[in-house]
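Line by line, the protein sequences give chains A and B.
Each residue of the first sequence is one higher than the one before, starting from 1 at the first, in the numbering used here.
Each residue of the second sequence is one higher than the one before, starting from 324 at the first, in the numbering used here.
Accuracy of the hints is not assured; some may be wrong.
[Said to hold, decoys possible] In silico contact screen, one side only, chain B against chain A (beta carbon under 7 Å); selected entries:
1. D374
2. F376
3. F377
4. N379
5. F389
6. S393
7. A415
8. I416
9. F419
No lab work stands behind these hints: they were computed from the structure.
Ideal Cβ placement from N, Cα and C applies to all residues, glycine included.
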Amino acid sequence: MRLWIFLPLLAICIESAAEAPFSTDELRELRKQWLLPAPTLHPQHKQLSELGKKIFFDTNLSIDKSTSCASCHIPELGWSDGKPTAQGLVGKPLKRATPSIINTAYSKVLMWDGRADSLEQQALMPFFDPLEMGLNEKLLIAKIASNQEYPNLFERAFGDSAIDSARISSALAEFQRSITASNTRFDRWLKGDESALNNEEILGFKLFIDPQKAACAVCHHPPNFTDDGFHNIGLSKQKPEDLGRYRFTPIPLMKRAFKTPSLRLATRTAPYFHDGSAKTLLEVIEHYQEVSVQKHNFSPSLLPVNLNKEEKEKLLAFLNSLE
Amino acid sequence: MKFFMTVILALLSMSTSVMAAEHVIGQKNKAFTKKSITIKKGDTIKFPNQDPFFHNVYSMSESKSFDLGSYAKGVSKSVKFDKQGEVIVQCAIHPFMKLKVKVE
Ligand SMILES: [Cu+2]
Chain A
1 MRLWIFLPLL AICIESAAEA PFSTDELREL RKQWLLPAPT LHPQHKQLSE LGKKIFFDTN
61 LSIDKSTSCA SCHIPELGWS DGKPTAQGLV GKPLKRATPS IINTAYSKVL MWDGRADSLE
121 QQALMPFFDP LEMGLNEKLL IAKIASNQEY PNLFERAFGD SAIDSARISS ALAEFQRSIT
181 ASNTRFDRWL KGDESALNNE EILGFKLFID PQKAACAVCH HPPNFTDDGF HNIGLSKQKP
241 EDLGRYRFTP IPLMKRAFKT PSLRLATRTA PYFHDGSAKT LLEVIEHYQE VSVQKHNFSP
301 SLLPVNLNKE EKEKLLAFLN SLE
Chain B
324 MKFFMTVILA LLSMSTSVMA AEHVIGQKNK AFTKKSITIK KGDTIKFPNQ DPFFHNVYSM
384 SESKSFDLGS YAKGVSKSVK FDKQGEVIVQ CAIHPFMKLK VKVE
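If we strip away everything but chain A, and leave its shape as in the complex, we get (with noise of 0.2 Å):
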């Protein structure tokens, strides 16, 4: 009687031991490569940081003071905004998604067709959009002297209260770098602990990385989720044409390629790719399965990807645990 009992125990300890997604010595590699080292940060990060937040959040800094930096990067929406593509002053359409600024430390190039190279580029640039926040930079400039609360942190963060826009764009992106994400429940389960992950999402990880399976991993690289490269996946069915990254570099691997977006906290940033034709992850999913199959100029590193539904489940279940 007994015996019944511990042999179905053994068989079950025999199975779940061989069954290991990976050995120590995988585990000790994996997470060299993925866990995020930190961010390199100007030495005066708080006090270019602080001004930087109170730019980031002033609806006064647009032509209708309507709308600041954190109307489409919104906090509690993963820094992004949660439709298919912005909306610009008066509700006009953008024709692009806003990306979450979620670990933009990271990034080596910034926008979906990678225009402006680090974020104190970027960061005018939404200023000076006719559709974003209508301003210029002399307009720009009297609306920050306007405001009595800005010469203290000027201040602080360069020393005397001068307001010009390099000094701007430079406390923006100090105050982006903070927002980082770099203990998710997957970095827990890097760091050690082992309870932070179910076994259902170790092996979605497992099929993220594996280049046989869904081959995710050949282009969301370790360890932001991101190749800081651009790829056609096969979307933009959108009207007029989008050609992306082509604009910048036009050879044919360009058309319709567009920044690999990282994947920390992507559980939050529904809807998903730059024209927001994905509602939810499973439908992410979908289209690398669906579009592997066809044959087209896509990405050569797109690799068939042939999931069934259990894989697919636990693949989705590791992208849900990057939160």
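Based on these hints, arrange chain B with the ligand on the given structure of chain A.
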């Protein structure tokens, strides 16, 4: 005399073929293995991809523009630089991958 000429000619042609050198610059860890290189007109650079994902090699510089397409690990393609000048070689997929080629 005729014999002499052929020997000299042979030597000359050998030396020119030796002069057109082949350089190798890999693509590894999302960077070219060198940031810049100075070569002679007529030299060739071979670009092996050493990363386990695709890279591209292209240039839009005035003195030499080309696009080698994208290729996987283990594959290598070459470009002959037949004009003097400065050529910026990049990977279109990862635009921060840059190589400056000075052709003398
Ligand atoms: Cu590359």
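Are there hints from earlier that the structure breaks, and if so, what are their numbers?
The structure conflicts with hints 1, 5, although it agrees with all the remaining ones.
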